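K.L.:
So you can see what is in the structure, the chains are spelled out below.
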Amino acid sequence: QQQVKQSPQSLIVQKGGIPIINCAYENTAFDYFPWYQQFPGKGPALLIAIRPDVSEKKEGRFTISFNKSAKQFSLHIMDSQPGDSATYFCAASMDQGAQKLVFGQGTRLTINP
Amino acid sequence: DAGITQSPRHKVTETGTPVTLRCHQTENHRYMYWYRQDPGHGLRLIHYSYGVKDTDKGEVSDGYSVSRSKTEDFLLTLESATSSQTSVYFCAMARTSGSDTQYFGPGTRLTVL
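Protein chains in written order, with our numbering: chain X, 1 to 113; chain B, 1 to 113.
Treat the hints as calculated values from the structure; they're not laboratory data. In this text the structure is predicted, and so the values were computed from the model without any measurement. Ideal Cβ positions, reconstructed from N, Cα and C, are used throughout, including at glycine. Any given hint could be a false lead.
Said to hold, decoys possible - Keeping only pairs whose Cα atoms sit at most 25 Å apart, straight-line, the calculated DMTMM-like set for lysine to aspartate or glutamate is:
(1) 5/X x 72/B
(2) 42/X x 72/B
(3) 57/B x 53/X
(4) 100/X x 27/B
(5) 71/X x 59/B
(6) 42/X x 100/B
(7) 5/X x 38/B
(8) 100/X x 14/B
(9) 5/X x 27/B
(10) 53/B x 79/B
(11) 68/X x 100/B
(12) 100/X x 100/B
(13) 57/B x 31/X
(14) 100/X x 73/B
(15) 100/X x 59/B
(16) 15/X x 53/X
(17) 53/B x 38/B
(18) 100/X x 72/B
(19) 57/B x 95/X
(20) 57/X x 79/B
(21) 42/X x 59/B
Claimed, not checked - Ranges of calculated distance between the beta carbons of each label pair, as one might list FRET restraints:
(22) 17/B x 59/X: 16 to 22 Å
(23) 17/B x 94/X: 32 to 38 Å
(24) 112/X x 63/B: 28 to 34 Å
(25) 59/X x 38/B: 28 to 34 Å
(26) 56/B x 7/X: 29 to 35 Å
Claimed, not checked - To be clear about the criterion: a stretch of chain X counts as covered by chain B if any three or more of its residues have a C-beta under 8 Å from a C-beta of chain B, and this derived list gives those stretches:
(27) 69-83
(28) 95-102
Just chain X, same shape as in the assembly (with noise of 0.2 Å):
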């Protein structure tokens, strides 16, 4: 049962385009929304997360947008530059105990120059 749905699988922007990746969320219990990015042959790294208390959150050229009342949440990436090609990865879980991330599909982010 796939509890987080992500779109789109993969995504072509130019430089200094705006990619979105959305993901939306079935648990309404999940309160931590982490976005990973994951580069070919390594493991995923922590980009950004936010909480539900908060509809936005922005962390240099990384954006975190959240709808607690549709239950989605997106990844807005400003100026995007080449090195963001990369895998992208949202996921939720409860903010209680071990964190038992459920993860999205993916998408993959490719930024022409």
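Keeping the supplied structure of chain X fixed, place chain B upon it in accordance with the hints.
P.N.:
Then chain B, alone, in the frame of chain X:
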């Protein structure tokens, strides 16, 4: 990269053989996790540990067992490998529970013929 390693990095085995994957961390983190990564599924939690000798099941635990006899080592065992267990396996660690950052290892690519 963040003091977490996995061994072996690649393994090819035959159906029905036992396989053990090792995760080793040097950060004295309490929590450790095993995930598998498959196309179209993102990462899925197999088992996790919240202390020495304290483990619990994740989303896809059937066919897998784990052990943690020391803080720094978390072993994943496939008692009798099947072709459906062909995957990339990642371990992760976190210092505390809740929304603390999970740091992932470099992964082990396992092929079951």
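K.L.:
Of the hints stated earlier, which fail here?
P.N.:
1, 3, 8, 9, 16, 17, 20, 22, 24, 27
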